[in-house]
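Enquirer: Please construct the entire structure, taking both the sequences and the accompanying hints into account.
If you read the protein sequences in the order shown, they are chains A and B. Numbering (full-length UniProt numbering) for the first sequence: 1 to 550. Numbering (full-length UniProt numbering) for the second sequence: 1 to 143.
Hints were generated in silico from the structure; no laboratory data involved. Any given hint might turn out to be false.
Claimed, not checked - DEER-style ranges, computed between Cβ atoms:
1. B/Arg76 <-> A/Ser401: 54 to 62 Å
2. A/Leu425 <-> B/Thr115: 29 to 37 Å
3. A/Phe289 <-> B/Phe101: 42 to 50 Å
4. A/Gln179 <-> B/Lys79: 33 to 41 Å
5. B/Ala44 <-> A/Gln224: 25 to 33 Å
6. A/Glu546 <-> B/Thr115: 29 to 37 Å
7. A/Phe289 <-> B/Lys79: 49 to 57 Å
8. A/Ile543 <-> B/Lys79: 47 to 55 Å
Treat the numbers as computed from the prediction; the structure is a model and nothing was measured. In this text, a Cβ means the ideal position worked out from N, Cα and C, and glycines have one as well.
Spelled out, the chains give:
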Amino acid sequence: MSNPSWQKRKQHWLQKTEEFVQKTPERKERFQTLSGIEVDRLYTPTEVTEEISTKIGLPGEYPYTRGIRPTMYRNRFWTMRQYAGFGSATETNKRFRYLLEQGQTGLSVAFDLPTQIGYDSDDAMSAGEVGKVGVAIDTLEDMENLLRGIPLDQVSTSMTINAPASILLAMYIAVAEKQGVEKEAIRGTIQNDILKEYIARGTYIFPPTPSMRLITDIFAYCQQHVPNFNTISISGYHIREAGSTAVQEVAFTLANGIAYVQAAMDKGLDVDQFAPRLSFFFNAHNHFFEEIAKFRAARRIWAKVMKERFRAKKERSHQLRFHTQTGGSTLTAQQPDNNIVRVTLQAMAAVLGGTQSLHTNARDEALALPTEESARIALRTQQIIAHESGVTDTVDPLGGSYYVESLTDQIEAEALAYIQKIDELGGAVGAVEQGYMQREIQRTALETQRKIESEEEIVVGLNKFRLAHEKEPDLMKIDSALAERQIKQLHAIRQRRNQQDVNQKLSALKQAAQGSENLMPFILEAVKSYATVGEISHSLRDIFGEYRII
Amino acid sequence: MLPIRVLVAKPGLDGHDRGALIIAQALRDEGMEVIYTGLRQSPAQIVATAIQEDVEVIGLSCLSGAHNDLFPEVMRLLKAQGVNDMIVVGGGVIPQSDIPFLKEHGIAAIFTPGTTTKETADFIRVAVKKLREEPINESDSKN
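Expert: Have a look at this one:
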């Protein structure tokens, strides 16, 4: 059946995209296959029903099933952003520079657990953990060393930091100022997603109510002063790693997203002011087509939620932009080189699903943090997909596939059912407090384990195709003297700084925390006085209390 | 026969508890009584809970790379409390090369990624059976 409105819409899209390309040119004048066949920007059916027209639509248009940009990777590739951080700030700075030299296009900082949970390196709670899963940051001085020689007006930086997100963002702003870079010019992302910490990742500090306040304070502050920073990265990654299904990953992540939007609106913020700076973070797991469909379904659900539920008007508010990391829990300690292949397939799914940035895991991550060589292979994997595979030459190459579209619909429907259930439980905050999502995830995690042990699910090299003898590769070792050095340095700063100034800034922060003022300016002041992550966090613990899950 | 009592514990700041939760449930399914500590337990808290709950086995789970500090600390505190008949096993992201060091400190076994829950349960059953049949007496531990 011919559909005149579709013809009109497509015409309009072609024209609009032509104008877009004039302003933001594509990578090449012409795209061709290796046989010289010309590759079009977009492929669509000639005959389209009303249903398909609204559901699948066109890339760069609501509901964004086919991607959020009209030309996607024909214009520019996703940001290649490898999560890195270990030991001291100076060591991590070296790894950052190495990755940038190797063609990485954005930074992603891994902090150690004491930093993520608001303890200084010399705190008793930090014993054994300093510099282990990420870089140790105690004061602004560490942040200065971490970012030394990296022009913050040119590089965008993602920071995996949640409960103390305001503190690390404040440090980043302060370092930029020292480099002569205005707040307005810095670009990056803070994870700042506390709900999934309660659900799956474990680095919470404060109870939900003050945590939500800290998050919305950041929204409000950045909207005014740091407009190019993504104020949150609402993360399904860790929910999936904890054992969820793809459907649960989408549902719980978007339910959390809904809770943040609601909290910000309840605070009186205008949805179209803050929503364009919300970003997402998903896992790319093993089931190739389900993963692709998952990304497409997530985009469509979010667009509808923002438009219909929250009445957002700006296109940017409707667009779900996301980072992807390949699935860490899919990697095996056995025959670790096989992981390169797993990562390649998962990364391909992320690209075919239209990701904005990507981290590819290294082959040895089931054993330790990656060596430099493993980290390089992981980055090369993305570069090969981008430059050699040709999947980047047309937009949403799998759009219209009977299978992928059907999976997309099904994931959408099942995720919506979950979201409705969570709404009934009082939204994501209520559901988290009742342990609903945690229980759902544990149930599927256990099921998966049983399937692997009964060999209903095959993991190559693990429960089938095993080697009689495995040789462990050379692994990355964290220098055990690091913690001592870090603590020494911290004590030196405590000696050097103006203690009276620090006390003053901390007590001003505590006072503000008791009221309802935006805490960001107070935290920024404290950071600049070289107050430590631990001191600032403890000041807030004194007022907000700590969250405990039994 | 009395059921085997196990404490599954997360020492340190690591928040990865997928493995710990799976092991806890799997050991329950194997007929053991399992107590799970929850996240962020100091070695001292773990030892105190183990003694209070009168467990025969402690299972430590660590994926943050802090095992070489935290596991031996649990062993040291157990000894300091005069406890020398608890079987302590560990699991997590632990390189093979660290295992001899951990065993020297008295960890009975380390279960690395890919170990089945059944292997873990079997190990615990055999070790507990042995301990029940030939309890460690005071003079043995004074070396």
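Enquirer: Take the hints in turn and mark each one as holding or not.
Expert: Verification of the hints:
no.: 1; hint: B/Arg76 <-> A/Ser401: 54 to 62 Å; result: holds (59 Å)
no.: 2; hint: A/Leu425 <-> B/Thr115: 29 to 37 Å; result: holds (36 Å)
no.: 3; hint: A/Phe289 <-> B/Phe101: 42 to 50 Å; result: holds (45 Å)
no.: 4; hint: A/Gln179 <-> B/Lys79: 33 to 41 Å; result: violated (52 Å)
no.: 5; hint: B/Ala44 <-> A/Gln224: 25 to 33 Å; result: violated (46 Å)
no.: 6; hint: A/Glu546 <-> B/Thr115: 29 to 37 Å; result: holds (34 Å)
no.: 7; hint: A/Phe289 <-> B/Lys79: 49 to 57 Å; result: holds (55 Å)
no.: 8; hint: A/Ile543 <-> B/Lys79: 47 to 55 Å; result: violated (40 Å)
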